[in-house]
Amino acid sequence: MKSATCVSSVALALQLVAPWLGAQTKPQGSPNPKISADVPFDFMVGQVMFPAGNYAVKRLQNRTFFLEATHGRESVSLATKPIRTALRPRTARLIFLQENGHYHLHELWMNRAIGTEVPEPRLAQLNTVRRSRVEILATCTTCQ
13 MKSATCVSSV
23 ALALQLVAPW
33 LGAQTKPQGS
43 PNPKISADVP
53 FDFMVGQVMF
63 PAGNYAVKRL
73 QNRTFFLEAT
83 HGRESVSLAT
93 KPIRTALRPR
103 TARLIFLQEN
113 GHYHLHELWM
123 NRAIGTEVPE
133 PRLAQLNTVR
143 RSRVEILATC
153 TTCQ
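Per our numbering, residue 13 is the first one in the sequence shown, and the count goes up by one each step.
Mixed in with the good hints, there may be bad ones.
Here are the simulated lysine-lysine pairs, DSS-like style, with alpha carbons at most 27 Å apart [stated by the list, open to error]:
1) K70 / K46
2) K70 / K93
3) K46 / K93
Distance ranges between label pairs, derived from CB positions [to be verified]:
4) S48 / A125: 32 to 42 Å
5) N44 / N112: 33 to 43 Å
6) C155 / L72: 15 to 25 Å
Calculated directly from the structure, the hints in this document are not laboratory data. Note that beta-carbon positions come from the ideal geometry of N, C-alpha and C, so glycine has one too.
Model the full structure from these sequences, guided by the hints.
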């Protein structure tokens, strides 16, 4: 009798704990994508200049991303902010603003659902002679 009570107590405990354990081991949402893009021009991120080349971007936290050169030492962690736009690209890409002949990383799109804006540095405003938007397609390196 005592043995049957112990077995039923253990079974009840497992039933109560099993869903919680399963929830702890399941990934939260989809896995974080990692993208790669060939940027054909030098560009700025904040106040740091990056040379043209191949770059990889991965998500570190909710709005923090890591940009690094695939061949070289250039890298930076980016604290981004949410994008408020109805126009969402269908594929991964890096979006730059070209201003007065200089390129600034402006948006990161890991996929259609994950897009963030890279804040511009707070510098004295220059008179903008010419400003345009340049999109560089990226490839998801962790997608199936």
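Now the hints, each set against the structure:
{"no.": "1", "hint": "K70 / K46", "result": "holds, 5 Å"}
{"no.": "2", "hint": "K70 / K93", "result": "holds, 16 Å"}
{"no.": "3", "hint": "K46 / K93", "result": "holds, 18 Å"}
{"no.": "4", "hint": "S48 / A125: 32 to 42 Å", "result": "violated, 19 Å"}
{"no.": "5", "hint": "N44 / N112: 33 to 43 Å", "result": "holds, 35 Å"}
{"no.": "6", "hint": "C155 / L72: 15 to 25 Å", "result": "holds, 18 Å"}
Of the hints listed earlier, the one the structure fails to meet is number 4.
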